[in-house]
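What follows is each chain in one-letter form.
There are 2 protein chains.
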Amino acid sequence: MFYKRRLLAPGPTPVLEDALLASARPMIHHRTDEFNAVLKQVFEQLKTVFLTKSPVLLFTSSGTGAMEAAVANLCRTDRPALVIRGGKFGERWGEITKAYGVPTDVIDVPWGEAVDPALVEKHLKAKPQTSAVFTTLSETSTCVAHPIRDLGAITRATDTVLVVDGISGLGGQECRTDEWQVDVVIAGSQKALMIPPGLAMASVSDRAWAKVKESNLPKYYFSFDKHHKNIAKDTTPYTPAVSLIFALKAALDRMVAEGMDAIFERHQRLGRAMREGVGAMGLTLFAKRPVDVATAVNVPAGVDGGKLKKMFETDFGITVAGGQDAIKGKVVRIAHMGYMDPFDGLAALGALGMGLGRLGHRVDIGAGMGAAMKVIEEKP
Amino acid sequence: MFYKRRLLAPGPTPVLEDALLASARPMIHHRTDEFNAVLKQVFEQLKTVFLTKSPVLLFTSSGTGAMEAAVANLCRTDRPALVIRGGKFGERWGEITKAYGVPTDVIDVPWGEAVDPALVEKHLKAKPQTSAVFTTLSETSTCVAHPIRDLGAITRATDTVLVVDGISGLGGQECRTDEWQVDVVIAGSQKALMIPPGLAMASVSDRAWAKVKESNLPKYYFSFDKHHKNIAKDTTPYTPAVSLIFALKAALDRMVAEGMDAIFERHQRLGRAMREGVGAMGLTLFAKRPVDVATAVNVPAGVDGGKLKKMFETDFGITVAGGQDAIKGKVVRIAHMGYMDPFDGLAALGALGMGLGRLGHRVDIGAGMGAAMKVIEEKP
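As you go down the protein sequences, you meet chains A and B in turn. Counting in my numbering, the first sequence runs from 1 upward without gaps. Counting in my numbering, the second sequence runs from 1 upward without gaps.
Hint data in this document are derived by calculation from the structure and do not stem from the laboratory. The reader is advised that the hints may include incorrect statements.
Since the list gives no way to pick one copy over another, a pair counts as held whenever it fits inside one copy or between any two copies.
Using 30 Å as the maximum straight-line C-alpha spacing, the simulated DSSO-like pairs for lysine-lysine come out as follows [to be verified]:
id: 1; residue 1: 374; residue 2: 4
id: 2; residue 1: 47; residue 2: 330
id: 3; residue 1: 374; residue 2: 213
id: 4; residue 1: 288; residue 2: 249
id: 5; residue 1: 249; residue 2: 374
id: 6; residue 1: 233; residue 2: 98
id: 7; residue 1: 125; residue 2: 374
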């Protein structure tokens, strides 16, 4: 059998065709009215997608660069930061704060679970001098959603800012920056934003700008201040990835036209369809509080998860992700975000069912697909 | 008259068509054998282009990010650095060292001139504890070439490393990293490497690795060590700009096939043709020691340089650069690097001659073009 190639891992995700074409148009100079006009629209559209009135800074880097920017611009060496861990990306926050010599407190959440907001509240009462809480919108390594809205309410009543790594999901996973009182949201271009990797963003609230003024850490390329000043001139401080910004513009045009409510509803439905489908095949989920943009499916006992993940690729042309660190070989992670649709989800369920069958664990594929399609067809 | 658009500014430069197409191919996952195989070749080809046996690190950022990386990885807060200024990009080195709290000594060279190596030698004798000398291969703001080879010989006899910002020119302007004893060379993707902006590189010598071990500055995204360890696994520590790396591969394939000696000879000839052409039109050059990849032409007295620069764009479809800061309105800067050929140079000379004529300063355009073509046709 011939299978097309399908990229269904949680990033990079498939690139919107209009964005691919936009990225291949001939180069123009970045200090021109023509390019400034593109950037001006992009900066406005990003606010729409982030659901914020605050400026959204645009960096030429991977998402990790913007995470580092948040630490370098918001923290001090004489004020503690609080890092919520419970997966690879929560851990990354702690690696960065430590690299910068920021005193770092940690709340360790078991992998697969979401943080209990009460623990954060208690911590901030005990340590009100904490400069920032660093957490994750969609912890891709476990497919868990932390309760960002609750954390926003807690931090807004303190002198601590809330910084959310939304790289793996912003623009798909519901994130209402201003309404949820999130001070800084980080995003990356290669996930729900439907374009190639290479751009990262950070929205910065007024409360966060106050922290920027107090920060005593070194920064240059990732300086929030410098980027902010350049937004006012419809430009960036250093030569940006022009072709990726053409692509971003194409993707944002589409997202703004669809509207964030519709985008969230669509992703919630894709997520629920995948979970119901997996459940109807008799399989279980790794995440206790799952995100909508990706699903971590527990590999049934007796099945080699590494083999199963490889089989997606070799037998069915589908790229998915396996488990990392402690859950290596124990889960497969399937994304349903950005430029992916219900039938991509069907392909993933099909490959999952057939792959398990080939490895000796038969499941009812039809039941899984039927359950998934039922969710897709439900009245809103 | 209808004129095609021509991008002849010193970066971003026109993108090789094969690279544009490569950047528009569908996305693949970055943690795959397929992508690792691309990166493995890219890492090897970069060594060929940099003329070094040392590893060449690859960052998803603009060139400035890699400059910051060099400072953050090589310097200490208790050892001075020496910055050679004499243009916007020399000045940038000093801005970065200061942002990181590195004690910074400066040699100020008048704009348009190259540094006198004897001054550097004298400085390092007086301050042998200097960790690094930061300078520029092609100082785009003035189109001056600093004597990198001489600086290499001087620094190699000391405990100081030589760091060269080769962003605006590496892959066009002659730079023989190992032979010239340069410890770190920085490059950017959007100049002579013929692809869009968004990638930056740094070659790191054994002597520089010793400095990396001693450095006490914070870094995470730009950590030399982390990038180096990942090269051994044919990968990068964070999600790279996959589509730009496809483009880079296409450009490097072409450069390696042509060979660096041929590429340097071609750029030297393009540079000389432009300078002879400009001279034969009775105009003068701003740079006393000019680079081959771009030419800064002095705007004749009585002509409004701002108008002339704009006229390139509005009347002839050609993007060039004007002067910055102290020389604003006094020069136009025309690039001849990367994916530009002799006939692009002719177009620039034609627009220069016609533009000056329209502004009341008549020149002998034919003489300029004849002189340029004579250089192109000379036997090697």
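Each hint, compared with the structure:
Proximity of residue 374 and residue 4 under a CA criterion of 30 Å is satisfied intra-copy only: 25 Å inside one chain copy versus 55 Å between copies. With identical chains, the CA atoms of residue 47 and residue 330 are never at most 30 Å apart, being 38 Å at best within one copy and 40 Å at best between copies. Neither within a single protomer nor between protomers do residue 374 and residue 213 lie at most 30 Å apart by alpha-carbon distance, with minima of 52 Å and 59 Å respectively. Neither within a single protomer nor between protomers do residue 288 and residue 249 lie at most 30 Å apart by alpha-carbon distance, with minima of 36 Å and 43 Å respectively.
For a Cα distance limit of 30 Å, the shortest separation of residue 249 from residue 374 qualifies neither inside one copy, at 34 Å, nor across copies, at 45 Å. Taking identical chains as interchangeable, the C-alpha atoms of residue 233 and residue 98 lie at most 30 Å apart only when they sit on different chains, with a minimum of 25 Å there against 35 Å within one chain. In the homo-oligomer, the alpha carbons of residue 125 and residue 374 never lie at most 30 Å apart, since the shortest distance is 46 Å inside one protomer and 78 Å across protomers.
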